[in-house]
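All chains should be modelled from the sequences, with the hints used to inform the complete structure.
2 protein chains.
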Amino acid sequence: MEPDGGQTRKQREDGLRTRKSILREAVSLATVEGLEGLSIGDLAKALDMSKSGLYAHFGSKQDLQLATIDEAERIFDLEVIEPAAAVQDEGLPQLLAICDNFFEHLRRRTFPGGCFFASAVLEMGTRPGPVKERIGLFQQRFAGLILQFAQRAQELGQIASDEDPTLLAFDLNGIILAANANFVMTQNATALDVARRAVRRRLGLNTDPKLEAAPEAPKQRSSADRRRRSNR
Amino acid sequence: MEPDGGQTRKQREDGLRTRKSILREAVSLATVEGLEGLSIGDLAKALDMSKSGLYAHFGSKQDLQLATIDEAERIFDLEVIEPAAAVQDEGLPQLLAICDNFFEHLRRRTFPGGCFFASAVLEMGTRPGPVKERIGLFQQRFAGLILQFAQRAQELGQIASDEDPTLLAFDLNGIILAANANFVMTQNATALDVARRAVRRRLGLNTDPKLEAAPEAPKQRSSADRRRRSNR
Numbered sequence: 023m024e025p026d027g028g029q030t031r032k033q034r035e036d037g038l039r040t041r042k043s044i045l046r047e048a049v050s051l052a053t054v055e056g057l058e059g060l061s062i063g064d065l066a067k068a069l070d071m072s073k074s075g076l077y078a079h080f081g082s083k084q085d086l087q088l089a090t091i092d093e094a095e096r097i098f099d100l101e102v103i104e105p106a107a108a109v110q111d112e113g114l115p116q117l118l119a120i121c122d123n124f125f126e127h128l129r130r131r132t133f134p135g136g137c138f139f140a141s142a143v144l145e146m147g148t149r150p151g152p153v154k155e156r157i158g159l160f161q162q163r164f165a166g167l168i169l170q171f172a173q174r175a176q177e178l179g180q181i182a183s184d185e186d187p188t189l190l191a192f193d194l195n196g197i198i199l200a201a202n203a204n205f206v207m208t209q210n211a212t213a214l215d216v217a218r219r220a221v222r223r224r225l226g227l228n229t230d231p232k233l234e235a236a237p238e239a240p241k242q243r244s245s246a247d248r249r250r251r252s253n254r
Numbered sequence: 023m024e025p026d027g028g029q030t031r032k033q034r035e036d037g038l039r040t041r042k043s044i045l046r047e048a049v050s051l052a053t054v055e056g057l058e059g060l061s062i063g064d065l066a067k068a069l070d071m072s073k074s075g076l077y078a079h080f081g082s083k084q085d086l087q088l089a090t091i092d093e094a095e096r097i098f099d100l101e102v103i104e105p106a107a108a109v110q111d112e113g114l115p116q117l118l119a120i121c122d123n124f125f126e127h128l129r130r131r132t133f134p135g136g137c138f139f140a141s142a143v144l145e146m147g148t149r150p151g152p153v154k155e156r157i158g159l160f161q162q163r164f165a166g167l168i169l170q171f172a173q174r175a176q177e178l179g180q181i182a183s184d185e186d187p188t189l190l191a192f193d194l195n196g197i198i199l200a201a202n203a204n205f206v207m208t209q210n211a212t213a214l215d216v217a218r219r220a221v222r223r224r225l226g227l228n229t230d231p232k233l234e235a236a237p238e239a240p241k242q243r244s245s246a247d248r249r250r251r252s253n254r
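Residue numbers (the numbering used here), protein chains in the order written: chain A, 23 to 254; chain B, 23 to 254.
Mixed in with the good hints there might be a few duds.
The list treats identical chains as interchangeable, and a pair is accepted whether it falls inside one copy or across any two copies.
Claimed, not checked - No more than 30 Å apart at the CA atoms, straight line, and that leaves these computed lysine-lysine pairs for DSSO-like:
# : residue 1 : residue 2
1 : 67        : 83
2 : 42        : 73
3 : 83        : 73
4 : 42        : 67
5 : 42        : 83
By construction, these hints were calculated from the structure, which means they are not laboratory data.
Here it is in C-alpha cells:
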C-alpha cells in the first residue's frame, strides 16, 4: 500500500480517466468538425468543462490533435485490427475479419462521422506537418497489415498463386472506403451489406445476399472469447 | 449589334467571368479548407477582392457553398464524366474511361486537395441540410452512371452474365476512392498506376504494369477528337 493510502494513485487514475474521456469526445467531435475544426473551446463546451481545465491537459491545438489521433487509433485497434489479428486461422480469415470488423464499427456508429481516419486523410493531406505525418503513419500501417494478411493467404494457398497481393489489398481498402462514404452520406446499412458481399466476391467466397446481409454470429462469439481470454 | 455597341453584353460577360473565376477558386480552396471552412473572408483574400464585392455575388455562406458545388460538378463533368459518356463504344470502354479520366484528373492536380466530392461527402455527411442534399445528389448520380455503364457492358456480353453490376459499380467506386485517399496523402502517382491496374483486373482486362503505368495516348486523342467534333 502507498504511504497516503492510495490517494496519489487515485488522483493519477482520475487524471488518466479524465484525459481518456476528453479524448474519446475529441475523436467523436473530430469526425463531425474535422481535426482542424477541433477547438479547445468547442471541446470544453461538449464536455461541460472549463477551457483552462482543458489547457491543463493539452498545451496547444497540435498537442490536442496528436493526442486525438492516438486515441482514434487505440479505438480502431480495439474494434477493427486486434480482433482480426487474433483470428486463429491466418491469411484469408484475417482479411475477412478486418473488413467485417470495419463494417460493424460503422454499423454500430462508433463515431457520428464514420471512419475517423478516412476523413482525417482527406482533411489533412494538404497540410504538411506532424499531424499529417501521424495520419500517414496510420494509413501505411493499416494498408501494410492488409497486404501482410493477403501475402499470408497466398503463402497458404488460400488465394490464387498468380494473384497480386498489392492489388488485392488495394481493392479491399477501396471497398472499405466506399462503404464508409456511402454509409456516412445515407446512414443506410444496405451499403454495408453490399460491401460485405463485395469483400466475399473479391476473396472468392460465397456472395449470396441472403447469407451475408446480417453480421455473422461466430465473429461476435470470437470477439467475446477474446475478451474472456484477455481477462484471465 | 446591340444599341449600346455591345457594352451591356460585355458587362454581363465580365460579371459571368468574374463569378466563374470566383467559383473556380472557391472549389479549389474547398478541397483544402473544406466546404465549412470556406469563408467569404478567406475567399476574398485568395482572390484579392473586397468582401463586399463577394457579398454582391453570394448573399450567404450557404449560397456560396451551393454555387461552389455546382462549379465543382461542372468541372468534374467536363474532365471525368462527359469524355466517358462520349466514348463511342458503350459499356466496358466507358467504364474504363470514367475511371481513367478520374485518375488523370487527380494526376494533373486539378485541385490541390484531390477529389472535391470525396472530401465533401465525408465533411458534410453529418450536416443535414441543402448542402448535404446537393452533395448526395451528385454521389447518387455518379454511382448511378457507373452502374448504368456496368449494366450496358453486361447487355453487350462484355462482362460475365453472372456478374452483379451493383458489386462491379461498388468496387470501381472503391478503387476510385482508394486512389484519391492514397494520392492526397502521398502525392505519389504510384497509387494511380496501381489503381489503373486494379480497374483493369476488375474488368477482366490486361493488368501488365509495363503496359498500364502511363496514360494511354488513344484516350487523349479521343478527347481531342471530341473537342473538334463539338466545335463543328
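Checked hints:
When the C-alpha separation of residue 67 and residue 83 is checked against a cutoff of 30 Å, the pair qualifies both within a copy, at 16 Å, and between copies, at 24 Å. In this assembly of identical chains, residue 42 and residue 73 lie within 30 Å of each other by CA distance solely inside one copy; the values are 17 Å within and 42 Å between copies. Taking identical chains as interchangeable, the C-alpha atoms of residue 83 and residue 73 lie at most 30 Å apart whether they share a chain (12 Å) or sit on different chains (28 Å). Taking the closest pair of Cα atoms, residue 42 and residue 67 come within 30 Å of each other only inside a single copy of the chain (17 Å); across copies the shortest separation is 39 Å, beyond that limit.
Proximity of residue 42 and residue 83 under a CA criterion of 30 Å is satisfied intra-copy only: 17 Å inside one chain copy versus 36 Å between copies.
Checked against the numbered hints given earlier, this structure breaks none of them.
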